[in-house]
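Protein sequence lines, in the order shown, are assigned to chains A and B.
With this note's numbering applied, the first sequence corresponds to residues 312 to 775, in that order.
With this note's numbering applied, the second sequence corresponds to residues 13 to 390, in that order.
Mixed in with the good hints, there may be bad ones.
Partner residues aside, some chain B positions facing chain A, computed with beta carbon under 7 Å [said to hold, decoys possible]:
1. F87
2. V88
3. I94
4. D255
5. G279
6. L282
7. E284
No lab work stands behind these hints, which were simulated from the structure alone.
Quantities reported herein were computed from a predicted structural model and do not represent experimental measurements.
For each residue, glycine too, the CB sits at the ideal point set by N, CA and C.
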Amino acid sequence: MNVFQKLFPFLALLSFLLFIGVVWKDYDRPYLEYQRKFKALLDLKAAGASRPAEFRFGIRQRWIKELGIADRCETCHLGLEDPRFKDDPQPFKTHPAIAEHSYETFGCTMCHGGQGMATTLQDAHGPTENWYRAIYQDKFMENSCSQCHGESIQNQAPVLYRGQTMFYEYGCRGCHKVGTKPRTEIGPPLDEMAKRVKTDWMYRFLKSPKSYLPLTKMPDPLFSPQEAADVAAFLLQGPGPEGTVIPGDPALGKTAFLESGCLACHTVNGEGGDVGPDLSGVSSKNYPERLFKIIKDPTALWPEGKMPVLGIPDQDIRNIVAFLTQECTGPALDKSTVAGQDQLVRNASKDRGRELVVKQGCIGCHAKIEGVTEIGELGPDLTTFGAVHISFLDFGHLKVPVKDRTVPTWIYYKVKSPRIFKEGLKMPDYYFNEEESVAITTYILGLKGKEIPASYILPLGKRP
Amino acid sequence: MAVNTTRNALFENRFWKSAFRGAPPVSKWLRDKIFGLGLINLSLFIILNVTGILLMFYYVPYTDKAYNVIKDFQFVVSFGAIFRNMHRWSAYAMIVLVFLHMSRVFYMAEYREPREFNWVIGWVLFLCTLVGALTGYLLPWDQKAYWGMTIMSNVMASVPVIGEKLKFVVLGGDEIGQSALTRAYDIHVKVMPLIMGLLIALHVIRGRTDDLLAGSQAHGEHKSAPAPEADNGSDTADCAWSDIIKRELAKFLIILIIIMGTSILFGAPLEEEANPSVTPVPAKAPWFFLGLQELLSWGAPFWGAIVVPNAVLLFALLVPYIERGKTGSGVWFHPSRRLQNILFTAFVTVAIGLIIVGALFRGPGWRFYWPWQPWPLH
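One chain only, chain A, in its complex shape (with noise of 0.2 Å):
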């Protein structure tokens, strides 16, 4: 007898119990588990009913055809319509209120995303190596509104809505296209600064925006020191103040100072408004010449700046300039240092300099830089961002654990800390919070460009 003929019994029950094998690993499926549990609970919740709970075990399916989704979401998450388990842990958590967003009309996936159609926790959650677009988690959920809403929602998104703000204040529209959005020069246009402003302020500024004014939006380029010289010699280059400032009284202008008002804007000291900038330094700024220039006219100087024209008599102004000269000169400075740093900005290269600028895209912010004209887009465009593909993103040498590695994530941390990934990157750091990083990346990751059904656009009211 052949070796075959003699194992031929063993093997007809071998393969007789991997058919039972087959069929019950068909047949024993991850979310029974949950939904055994499931009925568990459901039976003490029904225990004084009058009626059993009836339940069904196998698969639930949203199937939306408008979106062309198919949500098996409910299989795990069975008390989601129960406002009996609203106190109970997840899977069965029942869903907070959702109001005109029925589950018929929008599935789960529609604002959640994951994997609607998987029914095993890793694939639906993800990422998974052939589903990357993992759940959102809550921080970033409100980006899923702008599917519909597009960017006409306020309070009913805050988060949303307070990205959406920050983008377009911060100048994040200088460098990224988004759509058809017009870019927006939010910074002061740079013309004759030689004329305006002190160079070792220039260098120093440009070294660190936020330690001459905290709350400037200006982000911080992190230039070296030879780097903020060379900008600084760029920016410098042509005549200095010119004509000369009639000596005022301080004590009057002072006086001239308050009644003028202007502390409703600016602050001195620590106090007054914040809409314009910081005066406590400002004569280490900017030269008095300047200084009468810009209260007599501001909008001369920069039309779509805030300040208004006040009339303030040239008398007045002329005592003001005095009163800043005098009290506003900002934390004192060794004067070795100040030589320093202007004899840095004297060595340095405008060629150089002139190349930070362009590489920098200090265009997109700011106006009127001489020598630098338009230069096309700076940074990527963030049109359909929201929809980018992981593979297009790389995370560096961050260690990030493969579950974290979502597009989601990488926009956190580009916009939380731009250069954290590798050296050589452009983006400037604003040093946003935790806060602001997520409303900026909720406001990114909405941005998908996908095509929704026209009778899912809904408006929420114009855009202030």
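Let chain A serve as the given structure and place chain B on it in line with the hints.
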């Protein structure tokens, strides 16, 4: 007695006898065969057909739906995941085992007269196996499928002069889209099963008739050195066929067990949905064509895509008609065929080596990486 009467009534009537002829006598060759790779391949073909037909009940060859159907197999359809796994692993096993079957026949020089033409049929079946596997590779419409097929179409396009046209005809367009999927599907579920089914039948029938025709001539060595169990020849006539059927059925069961076990333990690969704008780095051809991609990566598309593969195929096709020697048939590594065996072994080693290099040692930009060496991102 009653059993015998029933048995006679069942099997000894005119209808049964007209439908099922008595089996032809069993040759010594058939009786002593051990590997049975041919039958194992037939088993795989049967498994592929059964699971394939079941998968067809759900699958739709539309670019916007195909991937979701695969997800349904994976998560919802009863036995969907397991049948898909079985289909995939059987197909991969069949590629390997058909090749082994051919190798065995070559090493034993069993393509000698009068079996030359059966070798040709086997050769066509091998090509059909590859075409079937390649077309099936595209059907899940995931990244692996899309970019594997992209590489294959680029290989086609690298053929001089007619390359671009060839690619256009095969894909039904300039790039992989609905037409390519439809074509792959039709070839995979209609053309290939039909052709292969017919050819397998022919192959088996020819195998038997050639065997009877050749008698002991084709296996001369057996005469001089008979196997010990061949001596008690009296029982062959009576129970050989049932023994053989039992033996082959046992092999079928072994294959079924292996395939079911593998399918329970390992899921068939599935990547993200096909996305023309996201190129995997590096994009690789299906593994069974990786050797060709590796060969092409050395430059010289004329040699890599045309001359070498076609020369090898043509040589393989014609080998029974070229080879002049008459000795060594039916014997492993017969000394008189040392040159042929060395050449063939060298070819097999190179072919497998190319596939292994392509599969394990190639990273982004098709540069060399050790398998344990991490790939740089971008």
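Using Cβ atoms only, decide whether I94/B comes closer than 7 Å to chain A, and label the hint accordingly. With a minimum Cβ separation of about 5 Å from chain A (threshold 7 Å), the hint on I94/B holds.
Would the hint on D255/B be counted as holding, given a Cβ-Cβ threshold of 7 Å to chain A? 6 Å, holds
Under 7 Å is the threshold here; is the Cβ of F87/B close enough to any Cβ of chain A for the hint to stand? 4 Å, holds
A closest beta-carbon separation below 7 Å is what the hint needs, so does G279/B meet it against chain A? 10 Å, violated
Is the hint on E284/B kept, meaning its closest Cβ partner in chain A is under 7 Å away? 5 Å, holds
Hint check: 7 Å Cβ-Cβ cutoff, L282/B to chain A: 5 Å, holds
How about V88/B: closest beta carbon in chain A under 7 Å, or not? 6 Å, holds
Violation of the numbered hints given earlier is confined to hint 5; every other hint is satisfied by the structure.
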